[in-house]
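Based on the sequences and whatever the hints tell you, model everything.
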Amino acid sequence: MKILITGANGMLARAAIAHCREIGDEVFALTRQELNIADSNAVADWFGSERPDAVLNCAAYTDVDGAESNPELARLANEVGPENLARSSKSIGARFVTVSTDYVFDGENGGFYTESDSPNPRGVYAITKYDGEVAASRANPDSVIVRSGWIYGHGGTNFLSVMHRLLGEGKRIKAIADAYGTPTFANDLAKRLRELAQTSVSGIFHVTNQGEGTSYLGFAEKLCEVGGYDKGLLEPVSNDDLKRPAPRPVSSKLGSVRMIATGLGPLSDWESALAAFLSEEKKKQ
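In my numbering, the protein residues as written are 1 to 285.
Don't take each hint at face value.
[Unchecked claim] Pairs of lysine-lysine, DSSO-like flavour, derived with a Cα cap of 30 Å: (1) K90 / K231; (2) K90 / K174; (3) K284 / K222; (4) K231 / K243.
[As the list claims (entries may be wrong)] Label pairs and their calculated CB-CB ranges: (5) K284 / K171: 17 to 25 Å; (6) N109 / K284: 35 to 43 Å; (7) E225 / G24: 36 to 44 Å; (8) G228 / N70: 34 to 42 Å; (9) M1 / G232: 46 to 54 Å; (10) M1 / R122: 36 to 44 Å; (11) A261 / E169: 43 to 51 Å.
Just so you know, these hints were derived from the structure itself, not from any lab.
Each residue gets a CB set at the ideal place from its N, CA and C atoms; glycine is no exception.
This is how it looks when you write it as structure tokens:
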């Protein structure tokens, strides 16, 4: 398959690039400098020239707090970009898969959010991601919208991705005890994105590793258990203690109902995925 993967410098995109190349795809891995997805003419020209079979849109503005002071940058990356890619994909009959977020929900559910639950995004980042879902679906009704959350992986710079390195260096870390989600290993998510590109399904799908979900503190404690790190380095804190600019859902655990209908089955449980991540990380040392 001839696949365009956007946001090529990002953690998830790198995982997708590696997987797609491993299975024999012809991969076009483009950064924002190589293709500005917010430029509709540039996108249309590229699609007209290269004509990919499928698109995995991993490009996004992901600085949740930064989006509060840079709303236009967030809108261009998270709303305009997916819309342009979806429209151009439709024009040449290419499959379009784009990644969204658990933050489209307000977190007041208390349980798992499924694909049929109504979003209620709060904060610029969440709003622009949801607007991107809507814009992509309008531009191309065959779009596949993949909501995920708490994504971590090799080479990532977010808290979940670097936590093991900090603990390995003996550094104390603050871990939120009262914010809950469903951790997702980027390698597992990348494989599922590619699988969805191969299907004929459309609409919204929730994709995370399985399990009951956890808190940031619970994730950190499991990390210590699996990796042999000192739990004494963990400092439990409350979500409210951090005083961050952007609102965040207290509980954004995702559950999937629609994925069962695709025949692809669930991903591995999050504890097993975390163990696999740590094992691969240690092999690199």
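Given pair status - K231, K90, alpha carbons within 30 Å: violated, 50 Å
Distance restraint hint 46 to 54 Å, applied to the beta-carbon atoms of M1 and G232: holds, 49 Å
Straight-line alpha-carbon gap K90 to K174, limit 30 Å: Roughly 45 Å between the alpha carbons, so the hint for K90 and K174 is violated.
Status of the given 36 to 44 Å range, CB of R122 versus CB of M1: Holds, at about 37 Å.
30 Å limit on alpha-carbon distance, applied to hinted pair K284 and K222: holds, 21 Å
Range hint compliance [Cβ, A261 to E169, 43 to 51 Å]: The hinted range 43 to 51 Å holds for A261 and E169, with Cβ atoms some 45 Å apart.
Whether the CB-CB distance between G228 and N70 falls inside 34 to 42 Å: Distance hint for G228, N70 holds at roughly 40 Å.
Outcome for the supplied range 35 to 43 Å, where the beta carbon pair is N109 and K284: With Cβ atoms ~38 Å apart, the hint holds.
Hinted pair K231 and K243, Cα distance within 30 Å: Given that 30 Å is the threshold and the Cα spacing comes to 25 Å, the pair holds.
Status of the given 17 to 25 Å range, CB of K171 versus CB of K284: holds, 20 Å
Verdict for E225, G24 (Cβ pair) under range 36 to 44 Å: holds, 38 Å
Of the numbered hints given earlier, the model fails hints 1, 2; all others are met.
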